[in-house]
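Here is how the chains run, residue by residue.
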Amino acid sequence: EAGVAQSPRYKIIEKRQSVAFWCNPISGHATLYWYQQILGQGPKLLIQFQNNGVVDDSQLPKDRFSAERLKGVDSTLKIQPAKLEDSAVYLCASSLGEVGQYIREQYFGPGTRLTVT
Amino acid sequence: KNEVEQSPQNLTAQEGEFITINCSYSVGISALHWLQQHPGGGIVSLFMLSSGKKKHGRLIATINIQEKHSSLHITASHPRDSAVYICAVVNFGNEKLTFGTGTRLTIIP
Chain R
217 EAGVAQSPRY KIIEKRQSVA FWCNPISGHA TLYWYQQILG QGPKLLIQFQ NNGVVDDSQL
277 PKDRFSAERL KGVDSTLKIQ PAKLEDSAVY LCASSLGEVG QYIREQYFGP GTRLTVT
Chain L
-8 KNEVEQSPQN LTAQEGEFIT INCSYSVGIS ALHWLQQHPG GGIVSLFMLS SGKKKHGRLI
52 ATINIQEKHS SLHITASHPR DSAVYICAVV NFGNEKLTFG TGTRLTIIP
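Here the protein sequences come in this chain order: R and L.
Going by this note's numbering, the residue at position 107 of the first sequence is 323; the numbering climbs one at a time, nothing skipped.
Going by this note's numbering, the residue at position 9 of the second sequence is 0; the numbering climbs one at a time, nothing skipped.
The set of hints was computed from the structure by calculation and includes no laboratory data.
Please read these numbers as outputs of a predicted model, since none were measured by experiment.
Just so you know, not all the hints are guaranteed correct.
[To be verified] If you want a taste of the chain L side facing chain R, the calculated C-beta under 7 angstroms gives, among others: (1) Ile10; (2) Gly33; (3) Phe90.
We treat Cβ as the ideally placed atom computed from N, Cα and C, and that holds for glycine.
Turn these sequences into a full structure, and let the hints steer you where they fit.
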């Protein structure tokens, strides 16, 4: 079974530039998560999708971050314009999210390491 | 105070030593994950448990729901075990993950 795919793996940009990350979840997984992990901290949830709908985006800085999952499969996360404090690893995860399944194990991708200079 | 606390934050040990990493949490949970993160950034799920004990190879995870505490043990540690180990709890009700800040483990040959 293929895992969660993310690209690019690394990205270096200057502040005020824009950047986009891509995630392809495990086939059949209804729920997709984007996390931001700043060095030395645990991951922080940015946005959660159930199919192509947003379940939770309460911690997404909407003035500069946007995300979409138009067909309910792969997803993109965009930052425009980037700030120095956006330097982090951006992790995508997916879970099966079957109806009636209470505990949903999340499967993580390899992450994209973003450096803003 | 963080909802999920891990100890120690950093741990260096000699190859072959028995390793214990602890996790305490203060919220109601439906399950707890132990995750492994290598320097490249990707996260691998080691265990998800909601009671008792699980074992996989040289790794053992235990949880005590009443005491809100979990431990991850590594027997016969090896340099390839060097990584950051993260405890994450599944919040009861909304199923969201709350992460600890991780324990950086270094095994010296």
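The hints, checked one at a time:
{"no.": "1", "hint": "Ile10", "result": "20 angstroms, violated"}
{"no.": "2", "hint": "Gly33", "result": "4 angstroms, holds"}
{"no.": "3", "hint": "Phe90", "result": "3 angstroms, holds"}
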